[in-house]
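The lines below spell out each chain.
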Amino acid sequence: MIRIENLSKKYSGTTVLSIDNMEIPKGQIFGLVGNNGAGKTTLFSLLLDLIQPSSGFVLNNDIKVDESEDWKPFTSAFIDETFLIGYLTPEEYFYFIGELRGQNKEDVDIMLKKFEDFFHGEILGGKKYLRDLSKGNQKKAGIVASFIGSPEVIILDEPFANLDPTTQIRLKKIINEFRDDADTTVLISSHDLLHVTEVCERIVVLDKGINIKDIRTSEATLKELEAFFSEEILAPVAK
Amino acid sequence: MIKHFISLQWKSFVRAASFSSNLAIKILLGFFALYMIASFSIMGGLAYYLIEENLQMEPVEVINRFLIYYLVIDLFFRYLLQKMPVVNIKPLLYLPFKKSKIVQFSLWKTAVSFFNIIHAFFFIPFGIVLMMNGYPPLQVILWVVSIYALVYCNNFINVFLNGVDVFFYSFISLVAALGVLHYYDIFDVTVYIHPIFQALYDQPLLCIIPIGLLTLLYYSAFRYFKRHLFLDAGLAVKQQEATAENMDWLNRFGSISVFLKNDIKLIKRNKRSKTTVFMSFLFIFYGLLFFTGALEVYEAPPWRIFAAIFVTGGFLFSFGQFVPSWDSAYYPLMMSQNIRYRDYLNSKWWLMVMATVVTTILASFYLYFGWEVYLAIIVSAIYNIGVNSYMVLWGGAYVKTPIDLTSNKKAFGDSQAFNAKTLLLTIPKLAIPVIVYVIGHYTVGPFLGYALVVIAGMLGFAFKEKVFNKIEKVYKAEKYKTLAAYKQKN
Chain A
1 MIRIENLSKK
11 YSGTTVLSID
21 NMEIPKGQIF
31 GLVGNNGAGK
41 TTLFSLLLDL
51 IQPSSGFVLN
61 NDIKVDESED
71 WKPFTSAFID
81 ETFLIGYLTP
91 EEYFYFIGEL
101 RGQNKEDVDI
111 MLKKFEDFFH
121 GEILGGKKYL
131 RDLSKGNQKK
141 AGIVASFIGS
151 PEVIILDEPF
161 ANLDPTTQIR
171 LKKIINEFRD
181 DADTTVLISS
191 HDLLHVTEVC
201 ERIVVLDKGI
211 NIKDIRTSEA
221 TLKELEAFFS
231 EEILAPVAK
Chain B
1 MIKHFISLQW
11 KSFVRAASFS
21 SNLAIKILLG
31 FFALYMIASF
41 SIMGGLAYYL
51 IEENLQMEPV
61 EVINRFLIYY
71 LVIDLFFRYL
81 LQKMPVVNIK
91 PLLYLPFKKS
101 KIVQFSLWKT
111 AVSFFNIIHA
121 FFFIPFGIVL
131 MMNGYPPLQV
141 ILWVVSIYAL
151 VYCNNFINVF
161 LNGVDVFFYS
171 FISLVAALGV
181 LHYYDIFDVT
191 VYIHPIFQAL
201 YDQPLLCIIP
211 IGLLTLLYYS
221 AFRYFKRHLF
231 LDAGLAVKQQ
241 EATAENMDWL
251 NRFGSISVFL
261 KNDIKLIKRN
271 KRSKTTVFMS
281 FLFIFYGLLF
291 FTGALEVYEA
301 PPWRIFAAIF
311 VTGGFLFSFG
321 QFVPSWDSAY
331 YPLMMSQNIR
341 YRDYLNSKWW
351 LMVMATVVTT
361 ILASFYLYFG
371 WEVYLAIIVS
381 AIYNIGVNSY
391 MVLWGGAYVK
401 TPIDLTSNKK
411 AFGDSQAFNA
421 KTLLLTIPKL
431 AIPVIVYVIG
441 HYTVGPFLGY
451 ALVVIAGMLG
461 FAFKEKVFNK
471 IEKVYKAEKY
481 KTLAAYKQKN
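Respectively, the protein sequence lines represent chains A and B. When the letters of the first sequence are read in order and numbered with my numbering, they come out as residues 1 to 239. When the letters of the second sequence are read in order and numbered with my numbering, they come out as residues 1 to 490.
If you're looking for bench data, these hints aren't it; they were derived computationally from the structure. Small disclaimer: the values here were computed from a predicted structure and weren't measured. Do not take every clue at face value.
Here are the computed lysine-lysine pairs in the DSBU-like style, where the Cα-Cα straight-line distance is at most 30 Å [what the hints assert, rightly or not]:
#1 B/Lys226 to A/Lys105
#2 A/Lys135 to B/Lys466
#3 B/Lys479 to A/Lys208
#4 B/Lys226 to A/Lys10
#5 B/Lys481 to A/Lys64
#6 B/Lys481 to B/Lys268
#7 B/Lys481 to A/Lys208
#8 A/Lys135 to B/Lys274
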């Protein structure tokens, strides 16, 4: 579904991302982990053509994202609060996204019904604009909006951050449901190793812009990741 | 401790995105400040001689007579332009500073504002000239001190005007009431205020009164802010109760109705955009300066089209020039959602067309000044729709100032909006219709002039698709730069 070729991004001489080759097949739940500055958000921004690659390109369903806009109809994302329109109520925002994706009000309402638990009664029917919601509730609205209109590619940047524990568990369930869906490719990034290993079929570790690990998730994955990220801390002790 | 505050302040000043981004703006602002300083100093130095020679009156008395207007105008400009200090203290609350120190600092910070210092450049030279002309030094010095105390009173009054709604509304109603009474000659408050200021000069020791007033204002401001220094009180951001709207009547616009609905909500629900719409409404009355014969210089025929362009184009200019910027807070969403540039631009274009039509109807009261005046307005409306609507969209692509929708500051004149490209684009907006009209007016007559402007507008209309292709290209070319610029928030 997504192919990355020779992709790199440089800011005034410093390379922040450099991926020679990566292919994400259709239907995969793809996880991205890495410390701050590893290039996770940069990669997602490149996938969405929000920044210009210094070299290489991204193909989304064989469409070059920086040359054509035809990838937009089947791709959706929630990166941060700049994906929310602050002066709308959550419903109005969902309907807006729905209309952009060819869904009428009824379609959106039916779809939102499924997420009543997830919203925990705090999003819909309230008397608040999105800008006045708490960070966690904003995130819930943004994540659900990215599911509207059954997109084929869903990109979520740190969806678990800022969510309360119950909602995190609910979100894991929701993402897990996409496993059975062979048409939907989901890309998520997270700092929570447990969560990504639970929901992702494949995990890529980025470090200083380079993909240094590409793992098919198995029982041993969590251990492997934990070992990798504690290496730096443990190394001096071992010496 | 004060040292910490000052270094924080300095950093926030020099590292502000708007400040560091553009050297030209810095120089321009610097020149503007120098210009203001120079004109105030020259006025201060010359005022004495000008008043004495031209009016044959006692200069101090004249100044005292106008002082109240001076102070009210000063307050007006402060309210519009001076930034309030209370916003940035949130991160300081958790740190080991005494609350009173934080409040003191933020109040003192306003004291060194340009709005306070600039007055010194008028009153000090004026005082020196007075003393050179044999006025008693002690009296002059204490009079200047009194006036300065009043200027600082304005500073704190403005703090209240910004912070306390009740205070703002009662103050506005008081000023409005006095203004109306004055206008209808029922009660002229300035008659009573003038002797008070005069007394400050005649009895210099009375300067303790303004100084006392200043101290009182300072302490009430201090107490007010100290009491409200909590996240859920004075520092809280005010929340509006949300009301959902459907606006199904807009569905007839087809694929662009989605954006139109959004844009109307944007205008209705945000402070900044409401101010813009209000200002563009005022543009309707701009023509009164020209068509009533109030100013003789504006009688010449070219001004007619010039004025009419503004009368019908208020919204077009004030809203349109910031077109992608209105969506700056969620531009990444707009750029990655299933949105075609064409639809997006089209909806903004329709919005401007609708606004222009509405203003043209509202401006029908110009018929009172003759049907030819209204004809000029209709002709300009056609030009605005046919040509200027594209021009502002085009220019907007180069304006990369993120707009904070919830705040009103900077609504009046955003320095970054003026760059070389947008200035160049004002030529077709204003100069071309005037030139085209003048050609027609002076060869055959006003009607050929109007006809030529209409033709220009129609031509623009005919080439809509072509022009939109071009604008779309510009938007695409500027996309990454725009996204990066909107990321920088102050």
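Structure-based check of all given hints:
At most 30 Å may separate the alpha-carbon atoms for a hinted pair to count; B/Lys226 and A/Lys105 exceed this at roughly 49 Å. Of the supplied pair hints, the one linking A/Lys135 and B/Lys466 is violated, its CA atoms being roughly 44 Å apart against a limit of 30 Å. For the suggested pair B/Lys479 and A/Lys208, the alpha carbons sit about 27 Å apart, so the restraint of at most 30 Å is met. Taken as a hint, the B/Lys226 and A/Lys10 pair is broken in the structure, with Cα atoms around 48 Å apart against an allowance of 30 Å.
For the proposed pair B/Lys481 and A/Lys64, the alpha carbon gap of about 20 Å is at most 30 Å, so the pair holds. The straight-line distance between the Cα atoms of B/Lys481 and B/Lys268 is roughly 29 Å, inside the 30 Å bound, and the hint therefore holds. The straight-line distance between the Cα atoms of B/Lys481 and A/Lys208 is roughly 24 Å, inside the 30 Å bound, and the hint therefore holds. Among the hinted pairs, A/Lys135 with B/Lys274 is consistent with the structure: their alpha-carbon atoms are about 26 Å apart, no more than 30 Å.
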